[in-house]
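Use the sequences and the hints to build the structure in full.
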Amino acid sequence: MSQTFIQEPLDKAAPHVVPAQAVTLNVNGEDHTIQIAPWTSLLDALREYLNLTGTKKGCDHGQCGACTVLVDGKRINSCLALATVYQGKKIQTIEGLGAEDNLSPLQQAFVDHDAFQCGYCTPGQICSAQGLINEGRCKTEDEVREHMSGNLCRCGAYTNILSAVMEVLHDGNVVVDNGVLITIPVAPTKASSAE
Amino acid sequence: MNSFTLTQATATDEAVRDLTSHDGAAYLGGGTNLVDLMKYNLERPTHLTSLGLLPLTDITSLPDGGLRLGALATNADTAWHPEVEKRYPLLSQTILAGATPQLRNVATNGGNLNQRTRCYYFYDLATPCNKREPGSGCSALTGPNRVCGVLGTSESCIATHPSDMCVALAALEAVVRVQGPDGERTIKFEDYHRLPGDHPEKDNTLKPGELVTAIDLPEEGYADHFTYLKLRDRSSYAFALVSVAVGLKMNGNTIEKARFALGGVAHKPWRDQEAEKMLEGQTASPDLFRQVAAKVFAEAKGYGEDSLHNSFKIELGKRAIVRALKQATEMSQVVNPNVFLNSNP
Amino acid sequence: MSQTIATPPTVRLDSDVLGKPISRTDGPAKVSGAAKYAAEFGVTGPLWYGYIVSSPIAKGKITKIHADEVLAIPGVQHIFSHENVPSLAWFDRNYKDDVAPGGSPFRPLHEPEILFSLQPVALVVADTFELARYAASVLRIEYDVEKHNTDLEASIGEAYDAPRGKTGFMPPPKPKGDMDKAYQEAPHKIAGEYIHRAQHQNPMEMFATTVDWLGDGKKMKIYDKTQGAPNVQQYLMKIFSLSTDEARVISKFTGGGFGSGLRPQYQVFLAVMAALELKHSIRVVMTRTQMFSFGHRPHTLQKLRLATDDLGQIQALEHKALHETSQFENYTETIVNWAGVLYPSPNTNFDYQLAKLDVYSPLDMRAPGAATGSFALESAIDEMAYAANVDPLDFRLRNYSYEDPIENKPFTSKRLDDCLHEGAARFGWDQRNPEPRSMRDGNQLVGWGVAAGCWDASMQKAAAKAVLSADGHLTVSSATNDQGAGTYVIMTQMAAQTLGLPMKQVTFNLGDTNMPAAPVQGGSWTANSVGAAVKDACQGIGKKLLKLAQKMDNSPLAGVDFEDAQFVDGYIRANEDITRSVAIADILAASGEEKIEADGKAGPNPINMLKYSMHSHNAVFVEVKVDEDLGTIHVTRVVNAVAAGRIMNPKTARSQVLGGTVWGLSMALMEETYLNNELGRFMNHNYAEYHIPVNADIHKIDVIFVEEQDDIASPIGVKGVGEIGMLGVAAAIANAVYHATGKRVRELPLTSDKLL
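Residue numbers (the UniProt record's numbering), protein chains in the order written: chain F, 1 to 195; chain A, 1 to 345; chain E, 1 to 756.
Treat the hints as calculated values from the structure; they're not laboratory data.
Each hint should be verified, as a subset may be incorrect.
[Stated by the list, open to error] Taking lysine-lysine and the DSS-like style, the derived pairs with C-alpha atoms no more than 25 Å apart in a straight line are:
| hint | chain 1 | residue 1 | chain 2 | residue 2 |
| --- | --- | --- | --- | --- |
| 1 | A | K295 | E | K754 |
| 2 | F | K89 | A | K39 |
| 3 | F | K74 | A | K202 |
| 4 | E | K551 | E | K595 |
What you are looking at is a predicted structure, and each value in this text was computed from that prediction instead of being measured.
Structure, rendered in structure tokens:
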């Protein structure tokens with residue numbers, strides 16, 4: 001009872017490829033000119049052509065937020081942006097927010113609160129948080145949770161992300177009630193005390 | 001993704017001309033849906049007419065008391081526009097219940113109308129799907145179809161329209177302004193999207209080359225009695241299983257005018273004008289709301305009983321209508337019941 | 001006496017660092033975008049891109065690949081498929097990695113047969129990523145389709161007892177007493193069937209490999225996403241006949257794994273094959289859809305029967321499980337054994353079966369087996385407690401195992417009772433009205449639930465190397481991994497503590513096969529195994545330093561044995577008289593040595609393993625609020641109390657438990673991969689429709705560490721916390737939902753429709 005499944009060619013016409021053109025992107029305050037065709041996403045332009053790999057690819061379809069960058073101060077998913085139409089706009093990536101030896105307040109708060117584990121969603125979370133602060137709309141824990149929900153974190157660092165964002169949003173004047181750590185000291189055990 | 005050329009148009013008629021002069025061309029708005037579809041090879045345009053430079057981003061008051069939303073205003077700018085927040089809070093909250101801040105910062109109002117279904121099969125080239133490839137069959141009829149519709153479906157397609165914003169626009173009785181090769185025209189919102197019937201490949205009634213230029217809201221914004229209730233599989237960043245947008249005019253406990261629409265259940269934002277009439281002139285009560293909910297889903301058809309299948313949407317939809325009407329009458333709303341709000345009374 | 005820390009403070013960096021809440025040493029690199037993941041490394045010379053083509057069918061055979069049409073596109077370099085794959089190793093054993101289950105491992109592009117949907121069938125190589133992606137989209141492939149079977153519930157009749165074969169797999173315990181008789185005669189009894197479908201690990205970083213072709217013979221630097229570079233290296237060496245020099249595998253940062261990176265995935269095979277054939281650098285990155293193509297937590301059907309006497313003492317306990325495996329391997333995990341460890345019963349029966357389906361082999365996913373078994377077991381315990389009219393917390397204490405009831409061995413340490421007590425106190429369990437539907441908050445039903453968990457405290461062979469340079473900087477390395485667990489910082493702490501150096505004077509490197517071998521990061525064994533190896537290496541340095549110190553003129557440390565010396569704040573001191581001390585800097589200066597090196601190693605103690613049962617435990621308390629009309633469930637509060645030996649870093653360990661809690665919540669309420677049996681294909685193969693929690697889903701989570709002294713389970717007293725935090729969570733949520741609504745849901749995830 002065999003049947004055939006044929007993947008039909010998606011393009012009936014002969015395949016053609018549009019040549020690359022010079023595209024100038026303003027990233028972190030500097031103009032960069034690269035040779036790309038219109039099919040290059042802003043995310044791939046940053047990662048593969050400009051070696052700015054801080055911006056992450058987690059799904060490539062706008063479903064995770066790892067690729068979040070700021071464009072004219074607003075947070076967007078760079079994976080769904082065609083680079084060529086972002087010429088003339090001010091693009092800011094994680095590398096533009098602060099460097100390893102000169103962290104921005106948000107970056108420092110993420111370290112202090114252990115607001116990440118594997119670190120892969122982290123640049124997107126931080127850019128998103130910066131966008132949230134720029135928007136000036138959110139103040140409460142609930143608002144920040146909702147407006148940070150465009151960034152998935154598979155490690156589950158959400159409570160610490162909330163703490164980090166709230167700290168910077170309120171200049172350290174708000175204590176977030178999202179859980180404590182309690183340590184109960186060691187007690188001798190049966191096995192070791194029997195030794 | 002296939003290869004394509006791209007033109008950045010600067011005026012609406014230029015955009016229409018550019019698109020119609022290229023075979024296999026598509027309009028590019030914010031790109032949040034189109035680029036996604038292109039990456040999955042679901043859309044294969046060979047030319048894009050980019051609309052980013054068109055002067056269609058304004059939100060302006062109309063002489064008749066309504067409000068015009070530019071087609072290229074972003075969802076975020078629309079939701080947070082002072083006039084929208086004040087006069088059409090239903091629309092504002094509905095937009096904010098959809099997608100994410102990142103997507104809303106880019107997605108345009110026009111593009112929101114034209115986004116395509118999230119049916120699993122439409123999104124997977126390896127599976128039969130009449131919407132994607134007419135005549136190939138509908139895998140959703142029997143397969144997992146939790147995301148699919150129960151109202152106005154056909155044997156060809158049970159896909160849903162995924163928008164939140166459009167559910168509010170349906171309840172608000174917006175009018176869509178379009179410009180095409182033959183000039184401008186307007187489309188009543190209820191006529192903009194269509195049911196699948198035998199042609200599920202067509203989502204809406206746009207003619208070839210037509211471009212959405214604006215969405216006009218009538219004067220009535222139901223700012224005193226409204227709600228958007230969205231039920232989904234997580235608190236945020238998920239498409240609706242069922243959603244209900246309600247706008248009411250109340251006099252005391254009497255409903256003078258009622259408009260509501262449902263999302264997540266049909267190929268288009270679902271309005272039932274007979275059900276709306278059942279509310280008008282009546283005293284708000286749980287019994288009345290239950291009767292209305294029963295009427296809306298009287299003809300509903302589920303496609304499978306377990307949790308991978310969507311029959312549960314019929315009961316959930318009824319309950320959502322009852323709750324949404326209650327919230328709108330009392331204005332005691334929990335806008336997003338998926339979210340536990342610490343600050344909620 | 002307990003210490004409460006709202007936000008763990010950062011301590012001042014001195015040499016007393018072990019057990020302190022120190023921020024990750026790799027943190028600044030991660031928050032600034034400087035940390036490089038597999039797809040982000042530059043190469044020497046130009047880079048080509050490979051794009052993987054996946055099978056649209058679940059079973060059948062490729063009959064034709066129209067490669068010529070695509071090769072004609074300028075910039076397309078090559079198309080690999082079964083038609084032109086080079087001659088490679090023949091025997092199955094060459095394809096077996098360290099953690100492979102029994103059977104014949106899948107060989108990418110080996111043959112035209114299709115064994116599962118989304119099977120990789122071709123690799124298109126082109127000059128740019130965009131071109132490779134495009135070329136892959138126009139590659140026509142013809143298949144003969146055969147009838148597949150992916151339906152577990154329809155395959156119960158063909159199930160067979162799970163065979164051995166996978167390292168670490170424990171077969172079900174032997175039965176005790178007379179289960180059926182005891183069950184029938186008991187005054188209180190319950191029986192339940194529990195189910196969850198496939199779940200996918202879905203780490204944020206998609207699987208990726210960048211091969212840097214060095215142009216020197218077959219030498220490559222292979223940057224791979226993995227939880228264990230050495231495992232990948234061994235796999236590649238055996239298949240492609242490569243030396244360790246030729247196949248150097250590097251994995252500095254891993255964007256999450258959760259089990260998915262335990263085995264080498266097919267992108268590394270394809271990338272290395274292409275690099276070798278084309279003698280060119282190449283990058284291959286999977287798509288998110290392809291992340292659903294190489295393993296998952298299996299769809300599992302479980303049956304439990306429990307019975308107690310009138311005092312609520314368990315008299316009969318039976319746990320059976322069945323899940324799928326692929327046609328080519330016998331994937332196993334430990335599901336039914338935990339009941340026997342946690343709860344003594346005179347009459348028991350356990351059963352564990354597999355059924356072969358046309359899917360890829362399942363793959364370990366955070367707390368494999370235990371997360372599955374724990375949900376069913378701890379739900380059943382709750383049902384049993386209600387049936388016996390005993391408080392669910394009290395029930396667990398009444399049926400507490402003080403020694404391992406299966407093997408009648410003592411636990412090396414077990415403070416589950418303290419977890420239950422401390423967790424209950426923090427949660428306020430004594431305020432609970434046990435009656436279902438009795439607690440409300442406005443129009444929402446409130447439910448409180450509890451569950452316990454158990455995981456192995458295990459150890460693997462690991463090695464490390466320490467180098468102390470003349471300037472006093474200590475560099476320690478081991479080819480281990482940090483998928484987010486905190487390996488970088490805890491190993492730095494371990495090294496700093498051992499030699500009494502400040503953190504800033506210590507660097508820990510990992511993820512390079514040029515470093516001493518370490519096991520894959522899994523099973524919660526990294527902290528224990530690698531930590532002990534790091535300590536051993538540093539002690540090796542310490543011994544050499546002491547000897548050098550004793551060679552110094554008038555050494556104050558003359559005659560002091562290593563065991564009687566301490567390393568504190570840059571000094572070696574005699575325990576008995578700490579004024580007898582020498583600065584390490586002075587020792588180095590006096591010695592004239594450029595550097596001092598030492599190797600360290602650690603491994604399990606087989607005698608202890610025979611004598612003792614070694615486990616970590618936890619107790620989880622949750623509060624849910626349920627909108628009964630709409631079926632929505634909010635987890636508003638969680639207390640997760642964990643006993644896992646010594647905590648090396650409470651800051652990062654807490655994060656592990658927070659993550660585990662989120663995973664448990666995710667399993668309870670959201671995660672499910674929808675398998676279409678007609679198509680033999682997972683359908684929600686993306687992040688939009690495969691739901692994991694977002695920030696708005698997660699509320700207050702208290703973490704309690706009940707520390708244990710345990711020098712038997714581990715030479716450094718550590719049991720690991722990667723898995724344990726997830727356990728109990730899903731059951732506690734389901735139990736809380738029962739308490740809130742009176743509805744017992746035995747099928748996960750607990751989506752709203754199940755409460756309507």
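Cross-check of the supplied hints:
no.	hint	result
1	A/K295 with E/K754	holds (24 Å)
2	F/K89 with A/K39	holds (24 Å)
3	F/K74 with A/K202	violated (34 Å)
4	E/K551 with E/K595	holds (17 Å)
Consistency note: the structure conflicts with earlier hint 3 alone.
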